[in-house]
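*Asks:* Based on these hints, arrange chains B and C on the given structure of chain A.
Protein chains in written order, with the working numbering: chain A, 1 to 209; chain B, 210 to 457; chain C, 458 to 549.
Hint data in this document are derived by calculation from the structure and do not stem from the laboratory.
With a cut-off of at most 27 Å between alpha-carbon atoms, the simulated BS3-like pairs for lysine-lysine come out as follows:
#, chain 1, residue 1, chain 2, residue 2
1, A, K64, A, K139
2, A, K96, A, K64
3, C, K497, B, K418
4, B, K417, C, K497
5, C, K497, B, K448
6, A, K77, A, K90
7, A, K139, A, K96
8, A, K77, A, K22
9, C, K497, B, K212
10, A, K77, A, K139
11, A, K139, A, K22
12, A, K139, A, K179
Quick list of the computed label-pair ranges, beta carbon to beta carbon:
#, chain 1, residue 1, chain 2, residue 2, range
13, C, C493, A, S47, 21 to 31 Å
14, A, Q112, B, R402, 55 to 65 Å
15, B, R361, A, K182, 50 to 60 Å
16, B, V299, A, G138, 54 to 64 Å
17, C, R533, B, E416, 39 to 49 Å
18, C, L536, B, G398, 45 to 55 Å
19, C, R533, B, G259, 21 to 31 Å
20, C, S541, B, R402, 34 to 44 Å
On a predicted model such as this, the values are computed, not experimentally measured, just so you know. Built from N, CA and C at the ideal position, the CB exists for glycine as well.
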Amino acid sequence: MGEQFISRGFVGRARETDSERKDRVPPGQYETTEFPVLSAGPTPNISLDRWDFSIYGEIAEDLKWNWNEFRELPREKVQADIHCVTKWSKLDTVWKGVSVETLLQAVDLDSQPDVRFLVAFCDGGYTTNLPIVDVRNGKAWIVDEYNGRPLAPEHGGPVRLLVPHLYFWKSAKWVRGFKLVKDDRSGFWETAGYHNYGDPWKEQRYAGD
Amino acid sequence: MAKQLKWQLGTVVEIRQETPIVKSLVLDLPDWTTHQAGQHVDVRLTAEDGYQAQRSYSISSSPEDGHVSITVEAVANGEVSPYLTEVLSVGDQLELRGPIGGYFVWSAAASNDNTPLLLVAGGSGIAPLMAMLRHRAASATMVPTRLIYSSRGFDEIIFRDELERLSMADRSLEIFHTLTRQQPDGWAGYSRRIDREMLSEIVWSPEKKPLAYACGPTALVESVATHLQNLGYEPGNIKTERFGPTGV
Amino acid sequence: MIDDRSLRLDGNAAGGLLNEVFPFEMTAAEVVCAGCSTTKLIAELMLYGHGMGSVLRCPGCDTAVLRITHIRESYRLDLSGVTSLQIFERAS
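If we strip away everything but chain A, and leave its shape as in the complex, we get (with noise of 0.2 Å):
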């Protein structure tokens, strides 16, 4: 086997980050400014008078929410720094949403005890799959802002998934729900070999890490 030819002078992306935000940025990402808008597939077109938020499965109670309830449920700002899998971290973004804890209120959960796991839906096919402990208790919210604007279409407008101790594929665009299920059920790209839980501290990019 040969080496590996090195492309003379070439340096790529900027991919050092500022030491002073060094702890910040989880191992093996660097900091940008920008924020790149990755998709798998076209960006979804709804209309806010047909959509919904729906919390369904092995529960005793669907729940189900259109976007006038949903805008009246309580509202908290959040200040987050975001981490991509492709290696790029965000600092500092800040959103404007429901907290999950707030919809999960609405569930007996304590009477079901293992039903332990979700899998967030979206408009467009995408699904990615979470502990439900990972999204109570002040970890997970709902937004529908960003930077103080409404939530843009590319960027999973009009409502995503936020959960910023995770790898961001986990925070799901343009999410409509939750399947509440008691056996845990890899989603789209968990079942093409990422992590199905996904530590950026633990650096668990992909299965097996």
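*Replies:* Frame of chain A; chains B and C shown alone:
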């Protein structure tokens, strides 16, 4: 025939400045066999720390040319094109694999004079179509051909002089330019984005069962393909190659 | 707002990657889409080169026809959007 492409090294033997932001890189590739007009190569750059970036570029040279050339537009904030247009020098090596493509290809041998050719290009999308036109000239075929080429301005027309020479020398080749942002004084060509009306004035009538190739920014290619279908072109006779966002 | 079309290429740009898996010229291969049962050339599919992997979608019905990731020296192909795939030994 099974064929797995291998990465190969080429040496830059010439760099041609085509427009202020576009360069053609002429390469000597010892392991190259041949290619068809319309095919592309994948170029791979590797940094010393192992980081790699890869992009596809259409081959702009004809199969008859002794060298392989690619034509690269420098994209602001790009990762690969600034290296290719600002750092890479004559004598440097470039890693690539190819030729790739079995759909967006045209060969004179497979063509006939009763099937006119329509080529539509936006910006750097001219690259694979230029390979076709150069191959067409080298093959001395008279297949009736019309090129519609959209550029931002006169100085942005890639291969401008060579295109003029080709059409002056060959009455069966007609070229229609449109300049979308700026036109020089006395400009008599089109001065807007390609639209259905422009196409209806230029393109071969669908009864002639023309073969169309459209290449350039995704939005331009898709809109041209839609217009051509609405003008009666068979979808199977419209071949498209998307280059992504404008300027990429 | 970003024009959605700027986020996609077509199957022409997947030719190199597919050749890593199938030693043929793949842009001219034909697939029958499991979503709408129409036949398309791979070159005609919409390529969403996500960064995490490549997703080739049917231009008619947006079904993810082919999904490919290349991770740690293994290729994973999800072919659930393909009813059948025809590969030509020689491009015409």
